[in-house]
Amino acid sequence: MTIKAAYFNLGGVAEGTPLTMGTHINPAINHGRNVRGIPWPPQGQGHNVRAWAELIVAERAALGVAYAPDVARLVQFSGQRIGMLWSETLRYRRNVAYEYEMTQVREAAEWLLSNSAIL
Amino acid sequence: MPRKKIGLQSALPIASASFAEALAAELGAGREYGQPIVYEHEYASGKVRVVVVWDEWADDPLEDRSAVILKAYEIAEGDPARERIALASGLTVPEATTAGMLPYQIITALRKGDPVTYEQARQAFLDQGASKLGNPRGLQLRFATQEEAHACRQRLIKQFPGSDDVWLVRRDIITQEFGEE
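Line by line, the protein sequences are chains P and B.
Here this note's numbering is used: the first residue of the first sequence is 1, the next is one more, and so on.
Here this note's numbering is used: the first residue of the second sequence is 1, the next is one more, and so on.
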């Protein structure tokens with residue numbers, strides 16, 4: 001949600017505005033997929049952390065307010081790490097993650113949260 | 001007591017030098033077809049979004065692929081080229097297909113008497129950049145645009161004169177096209 005909030009904030013959506021699938025989420029996904037060239041599989045598309053992270057990096061670059069290169073890479077990197085190890089479908093399964101997997105996701109999520117002010 | 005400052009860079013993966021050099025060589029070669037396929041999407045701001053579709057990525061995590069792509073541009077074209085890249089992604093053909101990036105495909109309709117054999121068609125597919133990953137039944141020769149697919153078909157027809165009816169271009173039907181916005 002931190003990345004999504006940053007993306008919609010960039011687009012001028014006021015804080016506190018309820019985000020709906022039809023008005024916000026799906027149009028953003030289609031924009032990412034069709035305009036910004038983000039690889040965005042349809043399966044679980046709203047939960048694809050990697051794709052949302054890449055969308056905000058691409059969107060800022062396209063609008064002329066790009067992140068500093070290292071920040072852009074870390075946003076993408078965090079999204080890639082979380083995207084590789086987490087899926088919303090895990091909610092519905094018995095799953096025991098390896099400790100190193102937990103550490104990788106925790107560190108990536110921690111970086112995004114602690115840097116949310118600059119996203 | 002040693003005091004060490006940890007910068008942003010330290011959290012990021014380091015690109016495999018040999019992999020980056022191999023991709024840099026491909027960038028410099030400027031081949032007309034075959035893998036890797038490099039898609040560069042330039043935004044109005046001048047920044048570029050790069051996607052490299054390459055089955056060689058299969059054993060590498062996404063974050064390592066991004067690092068390799070940036071390093072490869074640096075080797076092939078220098079620091080300014082690397083700095084223009086806002087976002088770099090590496091995908092295998094099956095991953096790019098799942099993501100909806102390669103909706104066009106060439107398939108064969110081989111019949112007795114055609115001027116191309118199954119083995120020749122298979123080798124031609126591989127030469128054109130077909131993927132052996134993901135589909136145990138056969139090769140996947142895929143493209144992002146209709147123009148790329150038709151250009152490939154023309155190359156195949158040129159290679160095997162009279163084979164026009166062998167090579168068919170088809171487009172995936174994407175489920176979200178039928179979904180609600």
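Hints in this document: simulated from the structure, not taken from any laboratory.
A few of these clues could be false.
To be verified - Footprint (simulated), chain B over chain P, 3 or more residues, beta carbon under 8 Å:
#1 49-58
#2 74-84
To be verified - Examples of chain B residues toward chain P, derived with CB under 8 Å:
#3 Pro2
#4 Lys4
#5 Val51
#6 Leu87
#7 Gly100
Said to hold, decoys possible - What the simulated footprint calls covered on chain P by chain B, stretch by stretch (three residues with Cβ under 8 Å from a Cβ of chain B suffice, anywhere in the stretch; the number is not a length):
#8 29-40
#9 61-71
If you're wondering where the values come from, they're calculated on a predicted model, not measured in any experiment.
Cβ coordinates follow ideal geometry from the N, Cα and C atoms, glycine included.
Hint check results:
1. 49-58: Coverage by chain B holds for the region 49-58 of chain P (4 residues, Cβ < 8 Å).
2. 74-84: holds (count 7)
3. Pro2: Violated, because the Cβ-Cβ distance from proline 2(B) to chain P comes to roughly 23 Å (cut-off 8 Å).
4. Lys4: Given a least distance of 18 Å, the restraint on lysine 4(B) is violated.
5. Val51: 7 Å, holds
6. Leu87: 5 Å, holds
7. Gly100: 7 Å, holds
8. 29-40: It holds: at least three residues are needed, and the region 29-40 of chain P offers 6 whose Cβ sits within less than 8 Å of chain B.
9. 61-71: Answer holds; 8 residues pass the 8 Å Cβ test.
Checked against the numbered hints above, the structure violates hints 3, 4; every other hint is satisfied.
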